[in-house]
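2 protein chains.
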Amino acid sequence: MNVLGVHLLLELRQCNPALLNDIDHIRDMMLAAAESVDAHVVGESFHRFNPQGVTGILAIAESHISIHTWPEYGYAAADVFTCGSSFHPQVVADLLIEKLECLDPYIHEIQRGMIPQTVTT
Amino acid sequence: MNVLGVHLLLELRQCNPALLNDIDHIRDMMLAAAESVDAHVVGESFHRFNPQGVTGILAIAESHISIHTWPEYGYAAADVFTCGSSFHPQVVADLLIEKLECLDPYIHEIQRGMIPQTVTT
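Chains as they are written, first to last, in our numbering: chain A, 1 to 121; chain B, 1001 to 1121.
Honestly, the hints are just simulated from the structure, not real lab data. Among the clues, some could well be false.
What the hints assert, rightly or not - The calculated label-pair distances, taken between Cβ atoms and stated as ranges, are: (1) A:Ala32 <-> B:Gln1014: 30 to 40 Å; (2) A:Asp38 <-> B:Leu1103: 28 to 38 Å; (3) B:Tyr1106 <-> A:His40: 26 to 36 Å; (4) A:Ala18 <-> B:Arg1048: 13 to 23 Å; (5) B:Asp1024 <-> A:Val91: 30 to 40 Å; (6) B:Val1003 <-> A:Gln111: 17 to 27 Å; (7) A:Ser85 <-> B:His1088: 20 to 30 Å; (8) A:Val3 <-> B:Ile1107: 39 to 49 Å; (9) A:Leu103 <-> B:Asp1104: 39 to 49 Å.
A virtual CB, placed ideally from N, CA and C, is assigned to each residue, including glycine.
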């Protein structure tokens, strides 16, 4: 089987709530994460909600990095989706965990696009 | 436990390859999907890659809908992330499956943000 993408689902618990509510920090962090793996950003969308919470999404070629934050719970749901060889998603995950001062991260890794080998030859 | 988000990971196999490579179709489909559940779109990013493939991302308040397509495999990886009560993600999933003429969909549902009840009271 070929695998087209690797998708990390990050459950980021016990983060610093102030950082989770800081849209500039979230955007700087995500752009730095993309830069750290030489990813080519093709689109971005960042929004702060009332009374709190931030959504940030970076489109990166056939990949994306997204985050939704709940400062009131010290929690963020982040996703790092990469197609096969473009970059190593764990590097991005580690940076998000560090920059949000996350004390209790959990990472769920899922293979996306399990394509039978016969199709690809 | 409270659950903050429901995340559907759609493995869309045996789709119509021409539709997977049609950025206008992908964008119309995703905006229609958002409209069908009265979701408020706060940002969008759509890109077509060379030689083929489309990435589309809609930011929807504390939610998102994303898709990455591989026309050469008739495959798309789509994600529908919703926070608790905002809309029912299966409605969006059904529409994507129909609009891509997908013959072999698989949906993986993941609960995001399992927060102990004591934190919320």
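Run through the hints listed earlier and report the numbers of any the structure violates, in increasing order.
4, 7 and 8
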